[in-house]
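J.: Chains as they are written, first to last, in my numbering: chain Z, 28 to 114; chain B, 378 to 544; chain U, 14 to 959.
Calculated from the structure, these hints are not laboratory results.
Where hints are given, some of them may not hold.
Pairs of lysine to any residue residues, derived as SDA-like cross-links and limited to a Cα-Cα distance of at most 25 angstroms, are as follows [to be verified]: (1) U/K274 to B/V404; (2) U/K653 to Z/P37; (3) U/K274 to U/C371; (4) U/K653 to Z/D54; (5) U/K317 to U/C371; (6) U/K653 to U/E698; (7) U/K847 to U/L581; (8) U/K653 to Z/P53; (9) U/K274 to B/P434; (10) U/K847 to U/Y701; (11) U/K653 to U/A948; (12) U/K847 to Z/Q57; (13) U/K274 to Z/A58; (14) U/K274 to B/R513; (15) U/K653 to U/G684; (16) U/K274 to B/D455; (17) U/K274 to B/V532; (18) U/K847 to U/E711; (19) U/K796 to U/R816; (20) U/K506 to U/A483; (21) U/K506 to U/A368; (22) U/K274 to U/V243; (23) U/K850 to Z/T99; (24) U/K274 to B/D383; (25) U/K274 to Z/H96; (26) U/K850 to Z/P53; (27) U/K850 to Z/Y45; (28) U/K274 to Z/Y45; (29) U/K317 to U/S364; (30) U/K653 to Z/Y45; (31) U/K656 to U/A597; (32) U/K847 to Z/T99; (33) U/K653 to U/L848; (34) U/K850 to Z/H96; (35) U/K317 to U/G342; (36) U/K847 to Z/Y45; (37) U/K274 to Z/V69; (38) U/K653 to Z/L67; (39) U/K847 to Z/D54; (40) U/K274 to U/K506.
Bear in mind that the values here come from a model prediction, so they are computed numbers and not experimental data.
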Amino acid sequence: MLISCPLCGPRDATEFRYVDERRQRPDPEQASPQQWRDYLYVRANPSGPARELWLHRSGCRQYLFVDRHTLTNEVQTAALARTEGTR
Amino acid sequence: MASLADCTSMPKVLVRASPDLGDSLGVHFGLSTRDSSGALVVGYGYGEWLVLDAPDPVPDVIQRLEATPYDGLRSVIDVTHGHALLRLTGADTADLLSRLCPIDLSDDVTPNGAALRAPVGGLGVALVRDDVDGERSYLLVVDRSYAESLRDMLVDAGHEFGLAVAG
Amino acid sequence: MTSSHRLPPQPGEVIDRAQRFTFRWNGRPYQAYAGDTIASALAASGVRVLSRSLKYHRPRGLLSADFNDPNCMVTADGEPNVRAAHRLVSPGMSVSSQDTWPSLRFDVKAANQLVGRFLGPGFYYKTFMRPQRLWPAYDKVLGRFSHGGYAPTAPDVDRYDQRYAHPDVLVAGGGPAGMAAAVAAADAGARVLLVDEEHHLGGHLRWADAEGLEILRELRAAVQAAGIEVMTDSVVTGRYDGNWVSVLQRSVPGVRERLVKARAKHMIVAPGLIDRPYVVGGNDLPGVMLSTAVRRLVNLYAVKPGERAVVLTANTAGDAVAADLGRAGVDVVRVLDARQDEDVVRIVGRSAVRAVECSDGAVVDCDLVVTAIGWTAPLTLATVSGGRAEFRAEAARFVPVGLPDDVSAVGGIVGDGSTDQLMEHATAVGREAARRASHRAVALAAGVPHARVTAPADTPAVAIPDLRPAAHPMLSLGRTDGIVDFSEDVSAKDLKSAVREGYDSIELAKRYTTATMGPSQGKLEGVNSIAAVAAATGAGLAETGTTTGRPPYVPVSLGALAGRSHQLLRRSPLQGWHDSHGAAPLYAGSWVRPDHYGDPAAEVQAVRDAVGIIDVTPLGKFDLRGPDVPDLLELLYINKWRKLGVGSVRYGVMCAEDGVVLDDGVTGRLGPEHYLMTTTSSGAEATYDWMERWLQTERRQWRVHVTPVTSNYASINVAGPRSRELLARLTDLDLAPDAFRYMQVRTGAVAGIADCVVWRIGFTGELSFEVHVPAGHGLHVWKALLATGSDLGIRPFGIEAQRILRLEKGHLIVGQDTDGLTQAYGAGLDWAVKLDKPDFAGKPELVWQQMRDDYLRLVGLQPVDGAVVPPEASQIVEDGTRIVGRITSSRMSPTLGHAVCLGLLAPHLSSAGTTVTVRLPGGGSIQARVMPELAHVDPEGVRLRG
């Protein structure tokens, strides 16, 4: 499986570490116990297109938002988490 | 033919800022360049540069880097002691590194001046192609604590290429 | 033994008659030439039986005479399961047959033949299932019947290797088509890697006529001229996502096996075709061979395979073998042409072929039966790449369809034709492969900042000439039942009865009978297995389908998968000193550290009474800069940080979002916007990832730079009542108790080394200063401390002494005294949790933990009998059996003279003075008392504040 790191270019998946599904942390002051429990423990685990957070651990050490098809391992996009949506 | 030299004592200064600082430093992530002083400025990460092989003392280098016009948060850190630096020189060195490193080191993909971070024998290494007098040469920057491990692996992989170890 | 069956020189032979030597087969000497395989050398000496079959222990001889040959697994120089028809024999090699007792010629277990009707499919499942309690005994006896050789018991001293490759085009198979494709791709500018399983390129051209041999010479010259990297005796074992291709490379000097990991931009599959055995009674007798086996023996090794031959042919390969045999002086007594409806009914013999019953009723005496009844296309590499196997009934074989864009096929698996036609097709495919690879190279390089790959001219796709499989009669199962899977000793009858028992799909019948599950993995027997199942179900071959091929295509040694044996170890700059001063190494996470220098109790004593120094370089260290560092600290730590002044340090604990303790350490403020954070040694990497995750995802607006500086410093903890006195001799820093207080930090020179960071903390419970020295000068400062402190009673101390010291003081170690469920309150960190902070990682869970009050909590414990140290992880029990906690740390305290522990304990037992029962792992139990504090020594903290 190849992941195209937006900084380093295409690299083998073994250089990366899967971190989690892509999620937003709820505001702990506003979140209901149910929302907080979902944030901590519930994952969608889709069979198909997935939105994930990866870390390019052996490369640029940047966190990436990776859109990946879990059945084909095809990576549609990989974007820098720190700038995604800001430009 | 290939040779390995330990250049760990060479000054190393890390600069951190936003990627925009690359415009004034003259180089962005993935490439390296010699600045006017002759120091090798390596685009080392996202908004990170590693200045190697500077001719002047570290405090002067730090001062110079802090004086470069820039508005945002900038950190200039002496990392001379934190990293080991090895230089691998010779025509066979790309072949030698192919025993340990998954990156395509052919001239069109990783030409002279290229800088990248990749696993070498399972270690996180910054690799800079920095040819010497036209001869293929790589600088390898690794966490100092792993220096012996990296050197042992290079020496082991270098047997079949007649690797000569200096320094 | 002399080479009685060796022919005069043959035009395409691969043996070097100038190099003749001796090797041993089952203890007796045999002659061989350089270039011989073990099997060809034995065949040249007239040896016909090479093994006994798996179940019935029938004698077996050469069948395909190549790597796939199921009948010649041997042990060579102690290495088991060597393929004798592939492995080159070497001078002095000692080769023996496997799983034969007392000898290959007389094998006791051949009695299985007599009871063969009881050894039908599922015999083992049915017979040894009940009673279940006897299974261990069955397993032991059955183990003696296992077919493989014995794994050597000595350590493997051979070298194994790995390397990476980035070919534009990787060609798997070096026959005429593969070579032509490789040359065409290289001529079109591609970097080409050509891989072939055999010892020489050429495929079937190696046993071709003079004209074919001339083409082969030209092709080999062209391959060389084109600068193609060639790997012979090497196999493509698998293809994975993104054309990640694994190649097992053998015959590398000084290396037993090398695993090549190739990221190919295009792969061309060119495995050729496999001669399929004919399933007929007696088909496994020594002397029954495939046409390609005979052609190899005669043409490559100049071996006469028999004296009187019967040939069954359905194609040109069978016709050609008759000519080869004639040239070799073999009397071809009968050629049966399947295209004329001639057939072999049964092959007769006991330990070797004696005669053949022909379809016209004739019984012909012979010692050699050669069959050429059809081809199997080895499609594994095509199907693991995403293609499908489609059956072409008129050609009696499967072909690959639906290959992805970056994989193509050439040669026999695609279709039939003259050598010229095959090469013409392959040339076009090779050129197209180079074209696609050049586009792929541009796409791959597009995201690489330093790549200078130039886009190729936009040329149209190369037209690929048509190549289809030729018409061929479908022959598989003959008129009598024979062996289908020679490796597993599965007959056509076994497969048919499996279907009758209800295992009527190919995947089920395969698993029930183990057909195609042996060493040949379906390469020879796959299609015949399908045919046997199809015959029993009445379905066609196309409907029956194939079994699923999976990598690796051939066995890969664990050594090759492991690669070079490297131990990645982190070493502090002081480790060399520790090594040369008798330190016992402790492998802790990725670091090697000094466990002790011979006497940990004395090291403890030195720290309590005088002064000791310990190398704590592995502590994770992070340089934090920026105006928003306090925000980061407030978020990550459970305690408060905003009021930390310049020159002060603080102990902090981090929790994950589920409130579980993640890490702890000391962080100091060096300047207004400059901090130095330390973490545990083993948690440094995870903590770094954790900090960066917040900064790169949830808190992107914060202006903070986190830089790992663990290895920038050699870190030395100077601990003990005389540590101040010692350090004062080496620094101008004012160390007076009022000038440099507990939990403060100073920067300055130590032993002449500038820019040291010194902080006053107390993990050991003693007055202590942690000195962070620029790493290159660490050894200098370490030696200076030892030399300067010699009159103070200084000793270096190791991890064991530090563990005792901190346990006496009741300081927890994350991961030792906490586990993956221990939230902050459970670790006795109530004092640190600041729920009045607006937000921090783990806060909501800790709010709930505090309300719950149902969790195990960390307490100090002392055994009533102070001489007994309960081992760590001993359970604490109630009412004899109910587990209510466990000992997390325990040592004999040199300071107190009795055992001290930390433990996690249920809340109703955790108040001071309670006596609990600790169950010892070896049986028996002891009583232990819950202490009022975690600290056993100096709970008031007088010593470290002194």
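J.: Work down the list of hints and note, for each, if the structure agrees.
T.: Each hint, compared with the structure:
1. Taken as a hint, the U/K274 and B/V404 pair is broken in the structure, with Cα atoms around 32 angstroms apart against an allowance of 25 angstroms.
2. For a cut-off of 25 angstroms, the pair hint linking U/K653 to Z/P37 is broken: about 42 angstroms separates their Cα positions.
3. Proximity of U/K274 to U/C371 is assessed by CA-CA distance (about 51 angstroms); at most 25 angstroms being required, the pair is judged violated.
4. Using a Cα cut-off of 25 angstroms, the hinted pair U/K653 and Z/D54 holds, with the two alpha carbons roughly 20 angstroms apart.
5. With a C-alpha separation of about 24 angstroms, the suggested pair U/K317 and U/C371 falls inside the 25 angstroms cut-off, and the hint holds.
6. Between U/K653 and U/E698, the direct Cα distance comes to roughly 23 angstroms. Compliance with the 25 angstroms bound is thereby established for this hinted pair.
7. Under the criterion of a C-alpha separation no larger than 25 angstroms, the hint pairing U/K847 with U/L581 is inconsistent with the structure, at around 40 angstroms.
8. At most 25 angstroms may separate the alpha-carbon atoms for a hinted pair to count; U/K653 and Z/P53 meet this at roughly 22 angstroms.
9. Distance restraint check for U/K274 and B/P434: the Cα-Cα separation of roughly 44 angstroms exceeds the 25 angstroms cut-off, and the hinted pair is therefore not satisfied.
10. About 23 angstroms separates the Cα atoms of U/K847 and U/Y701, which keeps this hinted pair within 25 angstroms; it holds.
11. Of the supplied pair hints, the one linking U/K653 and U/A948 holds, its CA atoms being roughly 24 angstroms apart against a limit of 25 angstroms.
12. Pair hint U/K847 plus Z/Q57 holds up; C-alpha atoms about 19 angstroms apart against a cutoff of 25 angstroms.
13. Proximity of U/K274 to Z/A58 is assessed by CA-CA distance (about 48 angstroms); at most 25 angstroms being required, the pair is judged violated.
14. The hinted pair formed by U/K274 and B/R513 meets the criterion: a straight-line CA distance of about 24 angstroms does not exceed 25 angstroms.
15. A hinted pair counts as satisfied when its Cα atoms are at most 25 angstroms apart, and U/K653 with U/G684 qualifies at roughly 18 angstroms.
16. For the proposed pair U/K274 and B/D455, the alpha carbon gap of about 38 angstroms is over 25 angstroms, so the pair is violated.
17. Using a Cα cut-off of 25 angstroms, the hinted pair U/K274 and B/V532 holds, with the two alpha carbons roughly 21 angstroms apart.
18. Of the pairs offered as hints, the one joining U/K847 and U/E711 holds, with about 22 angstroms between alpha carbons and a cut-off of 25 angstroms not exceeded.
19. This hinted pair checks out: U/K796 and U/R816 have alpha carbons roughly 23 angstroms apart, not beyond 25 angstroms.
20. Only pairs whose Cα atoms come within 25 angstroms are accepted, and U/K506 paired with U/A483 is rejected, the gap being roughly 31 angstroms.
21. Taken as a hint, the U/K506 and U/A368 pair is honoured in the structure, with Cα atoms around 23 angstroms apart against an allowance of 25 angstroms.
22. The suggested pairing of U/K274 with U/V243 holds, with an alpha-carbon distance near 15 angstroms, which does not exceed 25 angstroms.
23. About 45 angstroms separates the Cα atoms of U/K850 and Z/T99, which puts this hinted pair outside 25 angstroms; it is violated.
24. For the hint pairing U/K274 with B/D383, the CA-to-CA distance comes to about 29 angstroms; that exceeds 25 angstroms, so the pair is violated.
25. Note on U/K274 and Z/H96: the hinted pairing holds, with a Cα-Cα distance of about 24 angstroms set against a maximum of 25 angstroms.
26. Pair hint U/K850 plus Z/P53 holds up; C-alpha atoms about 17 angstroms apart against a cutoff of 25 angstroms.
27. Restraint check for U/K850 and Z/Y45: the C-alpha separation of about 31 angstroms exceeds 25 angstroms, so the hint is violated.
28. Between U/K274 and Z/Y45 the CA atoms are separated by roughly 22 angstroms; this keeps the pair inside 25 angstroms, and the hint holds.
29. For the suggested pair U/K317 and U/S364, the alpha carbons sit about 19 angstroms apart, so the restraint of at most 25 angstroms is met.
30. Using a Cα cut-off of 25 angstroms, the hinted pair U/K653 and Z/Y45 is violated, with the two alpha carbons roughly 32 angstroms apart.
31. For the proposed pair U/K656 and U/A597, the alpha carbon gap of about 43 angstroms is over 25 angstroms, so the pair is violated.
32. Restraint check for U/K847 and Z/T99: the C-alpha separation of about 47 angstroms exceeds 25 angstroms, so the hint is violated.
33. For the suggested pair U/K653 and U/L848, the alpha carbons sit about 10 angstroms apart, so the restraint of at most 25 angstroms is met.
34. Straight-line distance between C-alpha atoms of U/K850 and Z/H96 comes to about 41 angstroms, which puts the hinted pair past the 25 angstroms bound.
35. A hinted pair counts as satisfied when its Cα atoms are at most 25 angstroms apart, and U/K317 with U/G342 qualifies at roughly 8 angstroms.
36. For the hint pairing U/K847 with Z/Y45, the CA-to-CA distance comes to about 32 angstroms; that exceeds 25 angstroms, so the pair is violated.
37. Note on U/K274 and Z/V69: the hinted pairing is violated, with a Cα-Cα distance of about 37 angstroms set against a maximum of 25 angstroms.
38. For the given pair, U/K653 sits about 24 angstroms from Z/L67 by alpha-carbon distance, which is consistent with the 25 angstroms threshold.
39. Between U/K847 and Z/D54 the alpha-carbon distance is near 18 angstroms, which keeps this suggested pair within the 25 angstroms criterion.
40. Pair hint U/K274 plus U/K506 does not hold up; C-alpha atoms about 42 angstroms apart against a cutoff of 25 angstroms.
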